[in-house]
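Trainee: Chains as they are written, first to last, in UniProt numbering: chain A, 1 to 147; chain B, 1 to 147.
Treat each hint with caution, since some may be false.
Put simply, identical chains are the same to the list, so a pair is met inside one copy or across any two.
With a straight-line cut-off of 30 Å between C-alpha atoms, the simulated DSSO-like cross-links for lysine-lysine are [stated by the list, open to error]:
(1) Lys-135 / Lys-43
(2) Lys-51 / Lys-119
(3) Lys-43 / Lys-122
(4) Lys-135 / Lys-73
For the record, the hints were derived by calculation from the structure and aren't laboratory data. Note that the structure is predicted; figures quoted are calculated from it, not measured.
Each chain, written out:
Protein chains: 2
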Amino acid sequence: MNTTISTSEWQIMRVIWTLGEATSNQIIRILCAETDWQPSTVKTLITRLIKKGIISHNGAARDRIYTATITEKVAMVDTLSTTLHEMCAMCVGDALVNALADTPLSQTDISHLQALLAKKSKTAPPTIACNCIPKGWEACHDDREKK
Amino acid sequence: MNTTISTSEWQIMRVIWTLGEATSNQIIRILCAETDWQPSTVKTLITRLIKKGIISHNGAARDRIYTATITEKVAMVDTLSTTLHEMCAMCVGDALVNALADTPLSQTDISHLQALLAKKSKTAPPTIACNCIPKGWEACHDDREKK
DNA sequence: TTTTTAAGTTTACAGTTGTAAACTATAGAT
DNA sequence: ATCTATAGTTTACAACTGTAAACTTAAAAA
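Put together the whole structure using the sequences plus the hints.
Mentor: And the structure:
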């Protein structure tokens, strides 16, 4: 089961997660109002999400009720973690500072993040090594120099 | 100029960013050792990145030197911001706490993040509203109930 | 009962991505 | 001068995405 949610599919999921459960009619009405999609586009995306196993429905032949098979939180944490792990570990902290500067956070969010950081700082290393190229391969720099 | 960097292309970029500049030979040697890619795969990805304008090279016909046209930081912040904005604003904070729990951060990273959070907390609202469905559309819930 | 509406299914089609073989041409080795 | 290795270019091909029209069928309206 491919658990990758594409950008467009993500929109469908947000509606379903927020409403808890939804009919295609609801999803179509909401998303066609917010985006310039046609109803067909939403239908296609719903079908793909079903095929991917990310949503399911009560067996009705019509006016089905769709629900998510994974929680919003799991999907979000998963996506974020994947993105962060795709990047240079040494640079992630700095990038986060810059990305979060522009991200709305509530007082509660901030408190929770502060608590996490306080805890992490107890065991955090002074520096994180770059993990973009394996150690020893710095020798690659010499390749050109020897010419 | 399409500035989207795919997952595979990201690997190429990390090598170039880390070395500052690199020949295809270096990129191929490093990535073929780290992944199970063939040299051709790396060549294709380099070509695509050139076409996208994300890297460029000195005009040499052979043994070109490739460099990035955007900094690693810009690319990272951009990617992170895009990802965060794709998600429910109300849930982002919570997802971050969970994603960061598993992300290595240095003491310095943590200090910088703490400074940012301290600053943000001065003006942060008590809560962030869900922005998954437009206000007023909660009426969608009623659709099914009226049947 | 006939018509209309809309939910779900099929088909479409181009662009992106992952992955790579084959081909071309040239710089360096012999 | 000839050969060889390899850097760069072309071609390939399936899966995934974005976007949507067309078709089918059943429920609701007239």
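Trainee: Taking 30 Å as the upper bound on the Cα-Cα distance, should Lys-43 and Lys-122 be classified as within, between, both, or neither?
Mentor: Classified as neither; 50 Å inside a copy, 44 Å across copies.
Trainee: Are the CA atoms of Lys-135 and Lys-43 at most 30 Å apart within a copy, between copies, both, or neither?
Mentor: between (49 Å within a copy, 23 Å between copies)
Trainee: Given identical chains, is Lys-135 near Lys-73, meaning Cα to Cα at most 30 Å, within a copy, between copies, both, or neither?
Mentor: Intra 36 Å, inter 22 Å, cutoff 30 Å: inter-copy only.
Trainee: For Lys-51 vs Lys-119, is the C-alpha pair at or below 30 Å within one copy, between two copies, both, or neither?
Mentor: neither (41 Å within a copy, 45 Å between copies)
The earlier numbered hints that this structure contradicts are 2, 3.
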